Amino acid sequence: MFKDIFRKTKYVTIKSGQMQNRTPSEVSMQGEVVGISKKELPDGLWVKCPKCGEVLFNKDIEENARVCTTCEHHFRISANARLALLVDENSFEEWDAELTTLDSLEFPGYEEKLIEAQEKSGMTEGILTGRARIEDIPFVVAINEASFMMGSMGSVVGEKIARAIERAIELRLPVVIFSTSGGARMQEGILSLYQMAKTSAALGKLAENRLLYISVLTDPTFGGVTASYASLGDIMISEPNALIGFTGPRVIKQTMRQELPKGAQTAEFNQEHGLIDLIVARTQMRSVLARLLRYHQEGAQYGATV
Amino acid sequence: MAQLFEFEKPIAELVVRIAEIQKFSADKGIDLSQEVATLEKKVALLKKEIYGNLEPWQKVQIARHSERPNFYDYAPLLFEDFTELKGDRLFADDRSVAGGIALFHGIVVTVIAQVKGKDTKENIKRNFGMPHPEGYRKAVRLMDQAEKFGRPILTFIDTPGAACDLGAEERGQGEAIARCLLAMSGYHVPVISTVIGEGGSGGALALGAGNVLLMLENSFYSVIAPESCASILWKDTTKAKEAAAALKFTAQDLLRLGVADELVRESQGGAHNNLNQTADELSQVISKYLIRLRSESPEVLREKRYEKLRTIGFFHETADINLTKDLT
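Keeping their order, the protein sequence lines are chains A and B.
Following the numbering used here, the numbering of the first sequence begins with 1 at its first residue and continues without gaps.
Following the numbering used here, the numbering of the second sequence begins with 1 at its first residue and continues without gaps.
Hints are supplied without guarantee of correctness; some may be wrong.
[As the list claims (entries may be wrong)] Lysine-lysine pairs mimicking DSS-like chemistry, simulated, CA-CA at most 27 Å apart:
#: 1; chain 1: A; residue 1: 253; chain 2: B; residue 2: 86
#: 2; chain 1: A; residue 1: 113; chain 2: B; residue 2: 239
#: 3; chain 1: B; residue 1: 41; chain 2: B; residue 2: 86
#: 4; chain 1: A; residue 1: 120; chain 2: A; residue 2: 59
#: 5; chain 1: B; residue 1: 28; chain 2: B; residue 2: 86
#: 6; chain 1: A; residue 1: 253; chain 2: B; residue 2: 235
#: 7; chain 1: B; residue 1: 125; chain 2: A; residue 2: 253
#: 8; chain 1: B; residue 1: 288; chain 2: A; residue 2: 253
#: 9; chain 1: A; residue 1: 253; chain 2: A; residue 2: 59
#: 10; chain 1: B; residue 1: 148; chain 2: B; residue 2: 48
#: 11; chain 1: B; residue 1: 241; chain 2: B; residue 2: 47
#: 12; chain 1: B; residue 1: 125; chain 2: B; residue 2: 47
#: 13; chain 1: B; residue 1: 9; chain 2: B; residue 2: 235
#: 14; chain 1: B; residue 1: 118; chain 2: A; residue 2: 205
#: 15; chain 1: A; residue 1: 113; chain 2: B; residue 2: 304
#: 16; chain 1: A; residue 1: 120; chain 2: B; residue 2: 41
#: 17; chain 1: B; residue 1: 125; chain 2: B; residue 2: 9
#: 18; chain 1: A; residue 1: 48; chain 2: A; residue 2: 205
#: 19; chain 1: A; residue 1: 120; chain 2: A; residue 2: 205
#: 20; chain 1: B; residue 1: 41; chain 2: B; residue 2: 23
#: 21; chain 1: B; residue 1: 48; chain 2: B; residue 2: 86
#: 22; chain 1: A; residue 1: 205; chain 2: A; residue 2: 51
#: 23; chain 1: B; residue 1: 47; chain 2: B; residue 2: 86
#: 24; chain 1: B; residue 1: 48; chain 2: B; residue 2: 235
#: 25; chain 1: B; residue 1: 118; chain 2: B; residue 2: 148
#: 26; chain 1: B; residue 1: 47; chain 2: B; residue 2: 9
#: 27; chain 1: A; residue 1: 253; chain 2: B; residue 2: 28
#: 28; chain 1: A; residue 1: 205; chain 2: B; residue 2: 48
#: 29; chain 1: B; residue 1: 288; chain 2: B; residue 2: 9
#: 30; chain 1: B; residue 1: 23; chain 2: B; residue 2: 42
#: 31; chain 1: B; residue 1: 235; chain 2: B; residue 2: 118
#: 32; chain 1: B; residue 1: 48; chain 2: B; residue 2: 28
#: 33; chain 1: A; residue 1: 113; chain 2: B; residue 2: 235
#: 34; chain 1: A; residue 1: 253; chain 2: B; residue 2: 239
Hint data in this document are derived by calculation from the structure and do not stem from the laboratory.
Owing to the predicted nature of the structure, the values given are computational and were not obtained by experimental measurement.
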């Protein structure tokens with residue numbers, strides 16, 4: 001009822017040209033023009049879509065897997081929110097939550113950054129691992145947390161992934177990893193870099209054991225994560241419009257003085273260049289994964305005639 | 001004369017002074033040999049002092065020296081009959097990666113190396129030693145061959161990083177590097193990797209996940225270039241010197257962190273001062289490890305390589321109460 005009164009009213013869609021005529025009170029802290037002063041907006045009630053500019057009722061977005069109800073833009077979501085959307089209720093068993101970071105290089109500002117990341121994300125490190133079920137099919141899952149130092153991979157993230165894969169081999173379960181990451185974590189230097197080798201080698205063992213690995217790339221996935229576990233899926237999936245690449249556009253521009261064409265490094269660009277099998281909307285992810293997992297269940301005999 | 005660094009100037013000044021005294025002595029017919037001998041001793045001491053206490057940033061400068069020996073300088077000194085093989089069979093031949101078959105101490109080996117140029121012209125040809133996906137795919141093709149024919153693999157790392165441009169993105173740079181890492185983890189033959197100059201991030205690691213990692217003593221191997229690190233940390237690329245220290249990426253640091261297995265001595269002041277001497281040291285160290293690894297069974301070689309990678313990294317096993325108390 002309340003929802004119907006407030007959603008999609010005329011004053012919330014503003015063309016950029018109208019910006020100049022607005023008083024400061026009409027522009028929120030994030031530079032979002034909302035038509036009414038910030039004071040009148042209860043925190044978290046509204047959210048503006050960065051793609052289509054539509055101001056949306058937060059609750060509607062939540063109910064739509066945090067996908068814009070107007071343009072289908074996929075907002076970034078936390079690892080826990082993704083888990084809740086994905087797996088059967090009460091089926092998740094978390095692994096290795098007790099692994100925490102060691103500032104072994106005594107890197108400037110790292111401890112402060114870690115505390116800040118923990119407060120921001122509510123997680124101890126940048127990845128969630130464990131086992132769960134989708135439509136009753138058991139599998140091993142790992143989900144990067146973007147708000148934890150941009151999901152970057154240090155010793156803990158690498159170790160948790162490697163352990164999850166090794167346990168998947170013991171339990172003979174398939175693995176699905178959702179990546180969201182800026183790459184290897186600078187603050188752990190060479191140790192972070194070698195997590196790329198560690199996770200890739202673990203996936204080699206998984207493959208040798210003929211177990212399925214599905215890699216789901218979400219916005220954004222770059223650097224050392226793209227150059228290791230995220231690119232080694234038997235099946236490569238991405239969410240629509242997610243940015244995926246090796247080098248970020250800003251660095252390419254700085255070092256090569258090369259401006260990437262519009263649309264470069266999107267999921268669609270990557271699919272066009274043969275790097276991704278499927279682009280799957282978040283609202284469809286559960287059912288698509290269920291289908292793929294079912295194809296690979298041991299003893300599965302689809303269409304068997306004998 | 002070779003490119004001279006700021007920290008080498010005191011040495012150079014003394015050398016010039018000795019030459020002046022010698023000339024004066026010859027011109028005037030005065031015997032100053034004792035003075036010369038004293039100064040020469042001083043030069044030797046100064047060299048020991050300066051080159052023995054290089055800071056991380058000074059090592060970066062040596063590793064990036066324009067006359068730093070590259071793979072093609074070492075190849076004729078390390079190998080007999082290096083036969084270069086080209087192309088990835090998919091797209092192109094990447095000239096920042098050299099690969100082929102050679103004889104090393106009488107053993108047939110497969111060699112893969114990153115190659116920087118020595119001048120602008122060669123650097124353009126070799127993309128400044130920054131491989132594109134086709135370079136990594138060539139490496140995997142040749143390493144797969146080594147596995148097929150049971151040849152040990154020797155890799156040589158020398159790159160500022162993997163190529164970062166539109167073409168690299170279109171052709172799947174991330175996937176190409178990841179395939180290198182995956183492929184290398186599965187081989188049953190010995191894999192020895194040596195950092196001979198600059199080890200730049202994932203682009204270097206692609207050839208670095210072997211049984212043994214050797215590093216020339218003035219080489220470095222980092223998750224990120226010191227300039228980029230400084231730009232992220234302090235928004236100031238001129239603070240690369242501080243970043244170089246913070247990243248703990250020198251050969252000595254990597255030995256301490258358990259990533260490198262052994263360091264290879266370079267000629268005094270850097271490999272460019274005496275290529276033959278450095279190549280000789282390198283040859284001996286690689287040979288030592290190759291003999292050791294060849295005595296292992298194929299399965300053990302693969303398992304030990306996995307174990308080595310598995311143990312890299314440090315973390316707490318139990319949650320730190322202080323850091324996590326408010327998170328439930």
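How the hints compare with the structure:
A distance of roughly 31 Å separates the Cα atoms of residue 253 of chain A and residue 86 of chain B; the hinted pair therefore is violated under the 27 Å criterion. Restraint check for residue 113 of chain A and residue 239 of chain B: satisfied, since their Cα atoms lie roughly 20 Å apart, inside the 27 Å limit. About 50 Å separates the Cα atoms of residue 41 of chain B and residue 86 of chain B, which puts this hinted pair outside 27 Å; it is violated. Restraint check for residue 120 of chain A and residue 59 of chain A: the C-alpha separation of about 21 Å stays at or below 27 Å, so the hint holds.
For the hint pairing residue 28 of chain B with residue 86 of chain B, the CA-to-CA distance comes to about 62 Å; that exceeds 27 Å, so the pair is violated. Taken as a hint, the residue 253 of chain A and residue 235 of chain B pair is honoured in the structure, with Cα atoms around 17 Å apart against an allowance of 27 Å. Note on residue 125 of chain B and residue 253 of chain A: the hinted pairing holds, with a Cα-Cα distance of about 21 Å set against a maximum of 27 Å. Distance check on the hinted pair: residue 288 of chain B and residue 253 of chain A sit about 45 Å apart at the alpha-carbon level, beyond 27 Å; violated.
In summary, the hint linking residue 253 of chain A to residue 59 of chain A is not supported, as the alpha carbons are separated by about 38 Å, beyond the 27 Å threshold. A threshold of 27 Å between alpha carbons decides the hint, and for residue 148 of chain B with residue 48 of chain B the separation of about 47 Å lies outside it, so the pair is violated. Of the pairs offered as hints, the one joining residue 241 of chain B and residue 47 of chain B holds, with about 22 Å between alpha carbons and a cut-off of 27 Å not exceeded. Pair hint residue 125 of chain B plus residue 47 of chain B does not hold up; C-alpha atoms about 36 Å apart against a cutoff of 27 Å.
Of the supplied pair hints, the one linking residue 9 of chain B and residue 235 of chain B is violated, its CA atoms being roughly 30 Å apart against a limit of 27 Å. The hinted pair formed by residue 118 of chain B and residue 205 of chain A fails the criterion: a straight-line CA distance of about 41 Å is larger than 27 Å. Our distance criterion of 27 Å between C-alpha atoms is broken by residue 113 of chain A and residue 304 of chain B, whose separation comes to about 35 Å. Restraint check for residue 120 of chain A and residue 41 of chain B: not satisfied, since their Cα atoms lie roughly 61 Å apart, outside the 27 Å limit.
For the proposed pair residue 125 of chain B and residue 9 of chain B, the alpha carbon gap of about 33 Å is over 27 Å, so the pair is violated. The suggested pairing of residue 48 of chain A with residue 205 of chain A is violated, with an alpha-carbon distance near 44 Å, which exceeds 27 Å. Our distance criterion of 27 Å between C-alpha atoms is broken by residue 120 of chain A and residue 205 of chain A, whose separation comes to about 35 Å. Annotation: proposed proximity of residue 41 of chain B to residue 23 of chain B holds, straight-line Cα distance about 19 Å (limit 27 Å).
The suggested pairing of residue 48 of chain B with residue 86 of chain B is violated, with an alpha-carbon distance near 43 Å, which exceeds 27 Å. A C-alpha spacing of about 41 Å is found between residue 205 of chain A and residue 51 of chain A, which places the hinted pair above 27 Å, so the restraint is violated. Taken as a hint, the residue 47 of chain B and residue 86 of chain B pair is broken in the structure, with Cα atoms around 42 Å apart against an allowance of 27 Å. Pair hint residue 48 of chain B plus residue 235 of chain B does not hold up; C-alpha atoms about 36 Å apart against a cutoff of 27 Å.
Using a Cα cut-off of 27 Å, the hinted pair residue 118 of chain B and residue 148 of chain B is violated, with the two alpha carbons roughly 34 Å apart. With a C-alpha separation of about 11 Å, the suggested pair residue 47 of chain B and residue 9 of chain B falls inside the 27 Å cut-off, and the hint holds. Distance hint between residue 253 of chain A and residue 28 of chain B is unfulfilled; the C-alpha atoms sit about 62 Å from each other, more than 27 Å. Taking the CA atoms of residue 205 of chain A and residue 48 of chain B, the gap is near 48 Å; set against the 27 Å cutoff, the hint is violated.
With a C-alpha separation of about 37 Å, the suggested pairing of residue 288 of chain B with residue 9 of chain B is violated against the 27 Å cut-off. Restraint check for residue 23 of chain B and residue 42 of chain B: the C-alpha separation of about 19 Å stays at or below 27 Å, so the hint holds. Annotation: proposed proximity of residue 235 of chain B to residue 118 of chain B is violated, straight-line Cα distance about 31 Å (limit 27 Å). Using a Cα cut-off of 27 Å, the hinted pair residue 48 of chain B and residue 28 of chain B is violated, with the two alpha carbons roughly 33 Å apart.
For the given pair, residue 113 of chain A sits about 16 Å from residue 235 of chain B by alpha-carbon distance, which is consistent with the 27 Å threshold. With a C-alpha separation of about 21 Å, the suggested pair residue 253 of chain A and residue 239 of chain B falls inside the 27 Å cut-off, and the hint holds.
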